[in-house]
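Asks: What follows is each chain in one-letter form.
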Amino acid sequence: MSITRMIIREIRSGKLNFLLCLVTVAVACAAFVALLTISRGAAQSTNRLLRDMGFNILIVPKGAEMARYWSLDFPDATMPEDYVEKLSKSDVTAEHFVAKLQTLTVVDGQKVVLTGVLPELGNVGRTRKKKAPMGYDVPQGEAFAGSGLAKSLKLAPGGSVTVMDKVFKVSKVLPETGTMEDIRLFTHLHDVQPLLDKEGKINAIDALGCRCYHGDDFMGQITSEVNGVLPDVQIQHYKSIAIARELTRRQFDAWAEAVMIAVLALGACAIAALTYLNVRHRRHEIGLLRTVGVGTPRIAWLFLGKAILYALLGASLGFALGYGAATVWGPGVAAGKIELDPLLLAYALSGAPLVAILFGAVPILHGLMLDPAFILREE
Amino acid sequence: MITARNLVKRYRKDESVVEALAGVSLEVAKGEFVVVRGKSGSGKTTLLNVLAGLARPSAGEVEVAGVRIDRLDGAGSAAFRAKHVGVVFQMFHLIPYLGLLENVMLPCMAPGNGTSRGELLERAREILKEFGLAERATHLPGECSAGERQRTALARAILRKPELLLADEPTGNLDPENARTVLDCMKRYQAQGGTILLVTHHQLPGLEDVKIRDIEMVGGRIAGAPLEALAQA
Numbered sequence: 001m002s003i004t005r006m007i008i009r010e011i012r013s014g015k016l017n018f019l020l021c022l023v024t025v026a027v028a029c030a031a032f033v034a035l036l037t038i039s040r041g042a043a044q045s046t047n048r049l050l051r052d053m054g055f056n057i058l059i060v061p062k063g064a065e066m067a068r069y070w071s072l073d074f075p076d077a078t079m080p081e082d083y084v085e086k087l088s089k090s091d092v093t094a095e096h097f098v099a100k101l102q103t104l105t106v107v108d109g110q111k112v113v114l115t116g117v118l119p120e121l122g123n124v125g126r127t128r129k130k131k132a133p134m135g136y137d138v139p140q141g142e143a144f145a146g147s148g149l150a151k152s153l154k155l156a157p158g159g160s161v162t163v164m165d166k167v168f169k170v171s172k173v174l175p176e177t178g179t180m181e182d183i184r185l186f187t188h189l190h191d192v193q194p195l196l197d198k199e200g201k202i203n204a205i206d207a208l209g210c211r212c213y214h215g216d217d218f219m220g221q222i223t224s225e226v227n228g229v230l231p232d233v234q235i236q237h238y239k240s241i242a243i244a245r246e247l248t249r250r251q252f253d254a255w256a257e258a259v260m261i262a263v264l265a266l267g268a269c270a271i272a273a274l275t276y277l278n279v280r281h282r283r284h285e286i287g288l289l290r291t292v293g294v295g296t297p298r299i300a301w302l303f304l305g306k307a308i309l310y311a312l313l314g315a316s317l318g319f320a321l322g323y324g325a326a327t328v329w330g331p332g333v334a335a336g337k338i339e340l341d342p343l344l345l346a347y348a349l350s351g352a353p354l355v356a357i358l359f360g361a362v363p364i365l366h367g368l369m370l371d372p373a374f375i376l377r378e379e
Numbered sequence: 001m002i003t004a005r006n007l008v009k010r011y012r013k014d015e016s017v018v019e020a021l022a023g024v025s026l027e028v029a030k031g032e033f034v035v036v037r038g039k040s041g042s043g044k045t046t047l048l049n050v051l052a053g054l055a056r057p058s059a060g061e062v063e064v065a066g067v068r069i070d071r072l073d074g075a076g077s078a079a080f081r082a083k084h085v086g087v088v089f090q091m092f093h094l095i096p097y098l099g100l101l102e103n104v105m106l107p108c109m110a111p112g113n114g115t116s117r118g119e120l121l122e123r124a125r126e127i128l129k130e131f132g133l134a135e136r137a138t139h140l141p142g143e144c145s146a147g148e149r150q151r152t153a154l155a156r157a158i159l160r161k162p163e164l165l166l167a168d169e170p171t172g173n174l175d176p177e178n179a180r181t182v183l184d185c186m187k188r189y190q191a192q193g194g195t196i197l198l199v200t201h202h203q204l205p206g207l208e209d210v211k212i213r214d215i216e217m218v219g220g221r222i223a224g225a226p227l228e229a230l231a232q233a
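Chains A and B supply the protein sequences, listed in that same order. Take 1 as the starting number for the first sequence in my numbering and just add one per residue. Take 1 as the starting number for the second sequence in my numbering and just add one per residue.
Pulled out of the complex, with its shape left as it was, chain A reads as follows (with noise of 0.2 Å):
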């Protein structure tokens, strides 16, 4: 008689008792994969949404008189260029880093801010990940054009137009955005730099917050870090509205985790009651096997096999079960794409197995304890 016989046969004969184990298993591994699987969904939506937003961090000079800023959409103050290069080397919970000099100026009487900008960088300190570029990559000699200001001064792609007695080359008109792009004119920086006298020199960085912040305090932990390369800069927040989505993805993924927790823990008590109602329903057969010389280790094996057999079959269906929900629920809780990740599957089929072990242990090694010859003189 294998133990595995042995195992199929009290199956069969106590269909109830393996039947709710499988469940319990399979609603826990459910519930871990659709909430986990909606959770990627919404932090993948969020970043998405966030990069849609365009930068969210401006890093200006110190000294830089913010009214302006927030009036003319550029600072007075200058910092060095190489803090570009600074900051994307360093370890700063930020990418695209775009370096800027810009200036307000009159073109054929129409307001222009002439905006010269260096292809942006990545952060080569935390991740050479290659992503796609959010700033605009002007040629030196070349002009993207503002959709306000193409208008006004009858720019096209392929015409001119002069500034501060340089001509440069329009190549592109920007699609309307409804703010003071429209009237920005973006350069080279370095054909700005000679403009301006401001050789080696920008006034702001725009960059792209990373989602990964730890806490709420968002603006103090990119401060702090942005301030630890570049102590003489400021540093201003403006799209509190994706730190609004950020704070709901976050207030979802702590929900989906509390939830995760309270249902292992449930199916995990589940698991425990019920293998201590099997092991206390078969102590005269643990007392007998006992008795005609099988070893603990075998006999446990009785009941740890049933475990790992109704946690991987449990795991299986949860994971069935929880992906089914996760893409009928999800789009709709986490306004975006759901993906299978098949890594999950493996989570779910060991660690089911491990907590269905882990919680069937304490009951089993109780049965095995118990006093053969005590049990058997039971009626």
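If you are wondering where the hints come from, they were derived from the structure by calculation, not from laboratory data. Glycine included, C-beta positions come from ideal geometry on N, C-alpha and C. The reader is advised that the hints may include incorrect statements.
Said to hold, decoys possible - So these bits of chain B aren't anywhere near chain A, every CB distance computed over 12 Å: (1) GLU122; (2) GLU126; (3) GLN192.
What the hints assert, rightly or not - Each pair of labels, with its calculated beta carbon distance range: (4) ALA320/A <-> LEU121/B: 33 to 43 Å; (5) LEU16/A <-> VAL17/B: 39 to 49 Å; (6) LYS211/B <-> ARG5/A: 53 to 63 Å; (7) ARG5/B <-> SER350/A: 25 to 35 Å.
Following the hints, put chain B in place on chain A, whose structure we already have.
Replies: For chain B alone, coordinates are given in the frame of chain A:
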């Protein structure tokens, strides 16, 4: 086969201590059929459990089949039972979800003594046939009578040809006819060289034709000289 000296077994319950064995000394030779009789609470089942290695004595020495079982740990006593002892209980204790043949084969789960599984399966079938259970081999215990279940339990106990068979009230739940059948099976086991120690608190019909040693236990001790055979009492 059995040498026990001054066996003491105490059970602690709450504040009180119960002395189930109060200095039992016993010698049983190979091939003997010993009947231990006594009232409920006299210590006879405790004696059987100690001889089976299911309970450790609080004091005293006990040697069974050349093994000092009072010195064995849990794994050691399990291995000892697998090799030397078969035990039969009043309540049969068959596993309800296994057929009779599978119940008889249960000792195969314990470490072997060199006999192959195929040989044991063959022997299990022979014993079931000898005990009149060949047709019931695949039946579950719940589908069988009390006598059939007890014969199955006996078949399980002797599957590996243990030197010692310990039986605790093996006929306690049986009608006289089934009790006689079970005792006949035990007699056949003894006739093949086995040693039997049987504990009971009531009359055992069917042992008239076999030489038995009758021992009575009172208050955890063996009382006086061996009595007459129970059947003649």
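Asks: Confirm or reject each hint.
Replies: We went through each hint and held it up to the structure:
1. GLU122: At roughly 15 Å from the nearest Cβ of chain A, GLU122/B sits farther out than 12 Å, so the non-interface label holds.
2. GLU126: It holds; GLU126/B is separated from chain A by about 18 Å at its closest Cβ, greater than 12 Å.
3. GLN192: Given that every Cβ of chain A is farther than 12 Å from that of GLN192/B, nearest at about 20 Å, it holds.
4. ALA320/A <-> LEU121/B: 33 to 43 Å: For LEU121/B against ALA320/A, whose Cβ atoms are near 41 Å apart, the range 33 to 43 Å holds.
5. LEU16/A <-> VAL17/B: 39 to 49 Å: holds (42 Å)
6. LYS211/B <-> ARG5/A: 53 to 63 Å: violated (42 Å)
7. ARG5/B <-> SER350/A: 25 to 35 Å: violated (55 Å)
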